[in-house]
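Student: Listed below are the residues making up each chain.
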Amino acid sequence: MIRLLGGIGAQVLAMLAVIGRVTLYALLTLRHLVTPPFYAREFGSALLQIGWLSLPVVGLTAFFTGGALALQIYAGGSRFDAEAVVPQIVAIGMVRELGPVLVGLMIAARVTSSIAAEIATMKVTEQIDALVTLSTHPMKYLTVPRVLAAFVTVPLLVGIGDIIGIFGGYTVAVRSLGFNASTYLQNTVDFLEPLDLISSLVKGAAFGVIAALMGCYSGMNSGRGAQGVGRATKSSVEAASVLILAANFLLTGVFFSI
Amino acid sequence: MIRFDDVHKAFGANQVLRGLTLEVPKGESMVIIGGSGTGKSVALKCVLGLVQPDRGLIEVDGRDATEGDRDAFLARFGMLFQGGALFDSLPVWQNVAFRLLRGELKRPKAEAREIAVEKLRRVGLSPDVADRFPAELSGGMQKRVGLARAIAADPEIIFFDEPTTGLDPIMAGVINDLIREIVVEMGATAMTITHDMTSVRAIADRVAMLHGGKIRWTGPVAQMDNSGDPYLDQFIHGRAEGPIAAVR
Ligand SMILES: Nc1ncnc2c1ncn2[C@@H]1O[C@H](COP(=O)(O)OP(=O)(O)O)[C@@H](O)[C@H]1O
Ligand SMILES: [Mg+2]
Numbered sequence: 001m002i003r004l005l006g007g008i009g010a011q012v013l014a015m016l017a018v019i020g021r022v023t024l025y026a027l028l029t030l031r032h033l034v035t036p037p038f039y040a041r042e043f044g045s046a047l048l049q050i051g052w053l054s055l056p057v058v059g060l061t062a063f064f065t066g067g068a069l070a071l072q073i074y075a076g077g078s079r080f081d082a083e084a085v086v087p088q089i090v091a092i093g094m095v096r097e098l099g100p101v102l103v104g105l106m107i108a109a110r111v112t113s114s115i116a117a118e119i120a121t122m123k124v125t126e127q128i129d130a131l132v133t134l135s136t137h138p139m140k141y142l143t144v145p146r147v148l149a150a151f152v153t154v155p156l157l158v159g160i161g162d163i164i165g166i167f168g169g170y171t172v173a174v175r176s177l178g179f180n181a182s183t184y185l186q187n188t189v190d191f192l193e194p195l196d197l198i199s200s201l202v203k204g205a206a207f208g209v210i211a212a213l214m215g216c217y218s219g220m221n222s223g224r225g226a227q228g229v230g231r232a233t234k235s236s237v238e239a240a241s242v243l244i245l246a247a248n249f250l251l252t253g254v255f256f257s258i
Numbered sequence: 001m002i003r004f005d006d007v008h009k010a011f012g013a014n015q016v017l018r019g020l021t022l023e024v025p026k027g028e029s030m031v032i033i034g035g036s037g038t039g040k041s042v043a044l045k046c047v048l049g050l051v052q053p054d055r056g057l058i059e060v061d062g063r064d065a066t067e068g069d070r071d072a073f074l075a076r077f078g079m080l081f082q083g084g085a086l087f088d089s090l091p092v093w094q095n096v097a098f099r100l101l102r103g104e105l106k107r108p109k110a111e112a113r114e115i116a117v118e119k120l121r122r123v124g125l126s127p128d129v130a131d132r133f134p135a136e137l138s139g140g141m142q143k144r145v146g147l148a149r150a151i152a153a154d155p156e157i158i159f160f161d162e163p164t165t166g167l168d169p170i171m172a173g174v175i176n177d178l179i180r181e182i183v184v185e186m187g188a189t190a191m192t193i194t195h196d197m198t199s200v201r202a203i204a205d206r207v208a209m210l211h212g213g214k215i216r217w218t219g220p221v222a223q224m225d226n227s228g229d230p231y232l233d234q235f236i237h238g239r240a241e242g243p244i245a246a247v248r
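These protein sequence lines are chains S and L, in that order.
All the letters of the first sequence, read from the start, carry residue numbers 1 to 258 under full-length UniProt numbering.
All the letters of the second sequence, read from the start, carry residue numbers 1 to 248 under full-length UniProt numbering.
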């Protein structure tokens with residue numbers, strides 16, 4: 001029994017220690033962000049990797065989710081004669097919650113994993129050591145460009161995801177649920193408020209930072225060998241996903257509970 | 001001059017360096033030999049601050065290696081890593097010219113490329129390698145690119161971690177000559193780790209043997225053959241029998 005409690009205690013302590021180290025890592029990233037040099041080329045390629053190349057997966061995810069959402073709301077709404085709310089609920093559901101969360105999770109799957117695997121491999125093959133000996137700070141060269149690129153592009157991806165998601169709902173509603181196209185769009189536009197959009201983009205920025213930061217952190221702290229790379233990748237995606245969901249809960253509270 | 005004074009380093013329970021004491025005079029070529037896993041690479045990494053020693057002091061030209069401006073300190077060094085450690089996201093020439101493309105030594109792209117191609121030629125690689133990516137090269141070629149990168153900015157102090165491992169005998173000869181040349185012509189201080197006794201004789205002014213986390217023997221290369229040290233003799237002649245256990 002005591003051993004069990006001890007085990008749990010040790011786990012909790014270890015988790016707190018990791019949270020502390022990640023926080024420290026985030027602050028360090030911030031410090032390196034505001035001090036020169038800034039590696040513009042690395043930033044450019046991170047923009048491409050994180051933003052542009054994530055578009056297809058983000059678009060598909062959002063489209064299918066929007067479509068499914070419309071079907072569900074229609075089915076659920078019809079139980080109390082409220083089928084007409086489909087456009088409003090799809091809009092609010094996509095923009096406030098599903099858009100940012102799904103894009104965040106897709107970014108965690110796609111970007112966090114690839115950042116973690118890449119940096120961990122660099123660590124294992126001594127490329128990080130080589131960077132240091134070539135007077136290049138790994139934080140500045142690897143972490144800052146990726147985190148900044150995620151901060152800039154993920155909100156855009158979320159915005160695009162919101163639009164495509166609404167369009168998915170619209171397509172389903174108009175094609176198979178018999179909604180009138182222009183009324184659907186009108187209802188959507190009338191219903192959404194600026195705060196909905198702002199919260200969506202703020203969430204996107206936060207999730208982007210979390211995703212990129214966790215990838216870099218896990219990669220930099222990878223163990224040795226192929227196994228080390230595997231572990232770093234796995235734990236980075238786990239941590240990023242959980243943190244994104246937790247941050248979503250917090251941010252939703254901040255934006256909408258008052 | 002590089003001076004190790006009673007340097008200790010352990011990774012968990014694995015005691016690697018246990019009181020390493022060694023002096024490498026300026027402008028000389030020191031070769032470190034010793035069995036695999038005795039901590040030769042770790043010793044070099046301690047100088048560069050890539051590994052923090054648990055105890056002991058490392059001085060470069062009389063100044064504590066851990067103090068002062070890191071960038072200025074590291075700018076004096078070139079290092080060839082045991083595995084090459086090339087950046088696989090960059091083409092070969094940008095690897096070689098890495099230091100020349102950013103930071104204080106930055107210069108125009110065309111000029112950096114020219115220097116890279118010239119350094120590649122010195123390690124026996126033709127200019128058409130310049131635009132390939134490291135993953136497209138053989139192990140021996142990657143090693144030579146790593147060597148070209150180490151010498152690209154004409155450093156004062158150069159570390160070579162197993163420069164000839166994985167090369168054919170002719171290429172090994174080319175690299176040995178190159179290292180010798182760098183020390184003699186540029187007056188650089190070199191520390192080379194190798195298991196290749198031909199290399200030792202070709203490169204070294206002085207030799208040090210690392211065993212059990214300490215320097216077992218050190219002296220001019222000419223005295224290596226009649227040191228009277230059974231450990232060194234066993235290593236030089238590659239005998240399975242002797243004081244160094246074959247199972248480690
Ligand atoms: N970063 C590290 N973490 C844990 N152990 C290490 C690390 N670097 C080296 N070691 C261990 O230190 C010992 C010496 O390694 P190394 O210096 O690479 O040997 P070698 O003399 O062959 O170059 C080995 O047992 C190795 O496993
Ligand atoms: Mg080694």
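Keep in mind that a hint or two might mislead.
What the hints assert, rightly or not - In silico DSS-like cross-links for lysine-lysine, where the CA-CA straight-line distance does not exceed 25 Å:
hint, chain 1, residue 1, chain 2, residue 2
1, L, K214, S, K140
2, L, K26, L, K214
3, L, K106, S, K140
Unchecked claim - Label pairs and their computed distance ranges (CB to CB):
hint, chain 1, residue 1, chain 2, residue 2, range
4, L, R180, S, G9, 36 to 44 Å
5, S, G6, L, Q52, 28 to 36 Å
6, S, T183, L, E136, 34 to 42 Å
7, L, Q52, S, E193, 48 to 56 Å
8, L, D128, S, L33, 36 to 44 Å
9, S, V18, L, G228, 28 to 36 Å
10, S, D190, L, K106, 54 to 62 Å
11, S, G223, L, Q52, 42 to 50 Å
12, S, L197, L, A135, 40 to 48 Å
13, S, L27, L, P25, 39 to 47 Å
14, L, S89, S, L197, 32 to 40 Å
15, L, D6, S, V18, 44 to 52 Å
Unchecked claim - Computed footprint of chain S on chain L; a stretch qualifies when at least three of its residues, placed anywhere within it, have a C-beta under 8 Å from a C-beta of chain S:
hint, region
16, 45-54
17, 97-106
Derived by calculation from the structure, the hints in this document are not laboratory data.
Beta carbons are placed, not taken as given, at the ideal position from N, Cα and C, and that holds for glycine.
Student: Which hint numbers does the structure go against, in order from smallest to largest?
Tutor: 1, 4, 6, 9, 11, 15
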